[in-house]
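Asks: With this note's numbering applied, the sequence shown covers 101 to 529.
Note that these hints are calculated values from the structure, not bench results. Heads up, a few of these hints could be off.
[As the list claims (entries may be wrong)] Calculated cross-link-like contacts (lysine-lysine; reagent style DSBU-like; alpha-carbon spacing at most 35 Å):
no. : residue 1 : residue 2
1   : 475       : 458
2   : 458       : 312
3   : 295       : 312
4   : 308       : 475
5   : 295       : 475
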Amino acid sequence: MPRVVPKSRPRTERRRWRVPPPILRGPEPLEGMGVLEEIQGEIGGLLWRSLRTVTLWAAVAPSGRAPLFAPGAEEQRLADLLAISPEPALEEPLAVLAGLLGRPEAARADLVALACTRIAQWANVRGARATELEFAQAAAAACPGDPRLALAVGRAARDRAEYPRAETWLHRTIALARQVGDWDSYSRAYIALGKMFVARGAFPNARKNLQKALRAAERRGLREPQGMAAHDLFTVEAECDNVQVAQDYAARALSAYGPAHPDLPSLAYDVGLVWVLQGRFADALSVFRAAVPRMRPWHQPYGHAGLARAAGAMGEECIFEATWQVIWGFSDDTAGKANALVEAARGAASLGLLDQAKQAGEAAAALARQRGQTKVLFDAEAVLESVQMEQRASTSRVQAAPASPSAVQGSVAGLAQQFVQSLEAGAAV
Numbered sequence: 101m102p103r104v105v106p107k108s109r110p111r112t113e114r115r116r117w118r119v120p121p122p123i124l125r126g127p128e129p130l131e132g133m134g135v136l137e138e139i140q141g142e143i144g145g146l147l148w149r150s151l152r153t154v155t156l157w158a159a160v161a162p163s164g165r166a167p168l169f170a171p172g173a174e175e176q177r178l179a180d181l182l183a184i185s186p187e188p189a190l191e192e193p194l195a196v197l198a199g200l201l202g203r204p205e206a207a208r209a210d211l212v213a214l215a216c217t218r219i220a221q222w223a224n225v226r227g228a229r230a231t232e233l234e235f236a237q238a239a240a241a242a243c244p245g246d247p248r249l250a251l252a253v254g255r256a257a258r259d260r261a262e263y264p265r266a267e268t269w270l271h272r273t274i275a276l277a278r279q280v281g282d283w284d285s286y287s288r289a290y291i292a293l294g295k296m297f298v299a300r301g302a303f304p305n306a307r308k309n310l311q312k313a314l315r316a317a318e319r320r321g322l323r324e325p326q327g328m329a330a331h332d333l334f335t336v337e338a339e340c341d342n343v344q345v346a347q348d349y350a351a352r353a354l355s356a357y358g359p360a361h362p363d364l365p366s367l368a369y370d371v372g373l374v375w376v377l378q379g380r381f382a383d384a385l386s387v388f389r390a391a392v393p394r395m396r397p398w399h400q401p402y403g404h405a406g407l408a409r410a411a412g413a414m415g416e417e418c419i420f421e422a423t424w425q426v427i428w429g430f431s432d433d434t435a436g437k438a439n440a441l442v443e444a445a446r447g448a449a450s451l452g453l454l455d456q457a458k459q460a461g462e463a464a465a466a467l468a469r470q471r472g473q474t475k476v477l478f479d480a481e482a483v484l485e486s487v488q489m490e491q492r493a494s495t496s497r498v499q500a501a502p503a504s505p506s507a508v509q510g511s512v513a514g515l516a517q518q519f520v521q522s523l524e525a526g527a528a529v
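Please construct the entire structure, taking both the sequences and the accompanying hints into account.
Replies: Right, here's the structure in full:
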């Protein structure tokens, strides 16, 4: 009997990607409770009611939305909005959401999503992460086929360490992005997954997702996602002590970012920090000197920390003293100041300035206790112990790296020069 070969399915049918359902709730007992906890007073209540309005509206099919809300509900909401008089960044999007109460069947989903996104951005600036997540999710509910909105939810959930929730939204982003050909969102979703696994210390999973992101971005010529993925892969390989592979990814990230990219100074700092830990202080110092003045303000304390340590190790007293003054000038509320004081103490110890090392170490320990930074406190106490023993080289300092093959040394020096040239070219632009 002849074998019957079944007809192949059309390509479009074979390529139908299933969009997984996401996790919609966290541990809170009441939906949107995080909004009420983070935003106090009448404005918090208005935000919560607006969130509930969008959630209900989005859960109902367009054909069934007309009778959703009671007559006069829009007028009452607008009166509440007028009485509270929120700041301009909130007033307009809240007015848009109030419009849902009047003619819910006529509301445009894209405008509803935009209003929710603006509120989420407002919450992000305030550090109200639960509120940001709730309104980002409301935006995605309003336009459930938009991968960019799903990506925003995944990132917001990841930043709150709600990893299972974040993972479902990021996988949803990937499926939606494949359906509509949004390869930028596709790549960024894999990058977000990679970052999440890095934060959890799951480096094999991080590597796998970041490599998928890098391949997709390279195939489509998406330079910024290429740089982001290569940057994070550098971090992964450096953590795993794969020195040459890490440097290769750093070079790829440098090439993809280009001189004017705002993340280039952060990449340069990350590479310089790895070199410091390897004892390659001269290369690290040259990169830090070019990168630190161009770093974003909230990264400056970390940049000056690396600069102080490398300058001290290389005996560059003038650079160290200038950096020392900058570090002490940061407010105690500045994130990263305790870290910077620890590195200033190490740099001072390298220069034999033991009194300054003790001063910085004690200040770092006090600040770390106040802020609950256990690792920084441990590092500060290690530096203080070495100073008390009057040892200029101690276990708290990373010693110079043992001799490496000349090819590795040459690649490090060459990469350092590329970073300096690119950073200087970016400054000129």
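Asks: Give a verdict on every hint.
Replies: Hint check results:
Between the alpha carbons of residue 475 and residue 458 the distance comes to roughly 18 Å, so the proposed pair stays at or under 35 Å and holds. With a C-alpha separation of about 47 Å, the suggested pair residue 458 and residue 312 falls outside the 35 Å cut-off, and the hint is violated. Taking the CA atoms of residue 295 and residue 312, the gap is about 13 Å. The hint holds against a cut of 35 Å. Between the alpha carbons of residue 308 and residue 475 the distance comes to roughly 29 Å, so the proposed pair stays at or under 35 Å and holds.
A distance of roughly 21 Å separates the Cα atoms of residue 295 and residue 475; the hinted pair therefore holds under the 35 Å criterion.
Consistency with the previously given hints fails for number 2 only.
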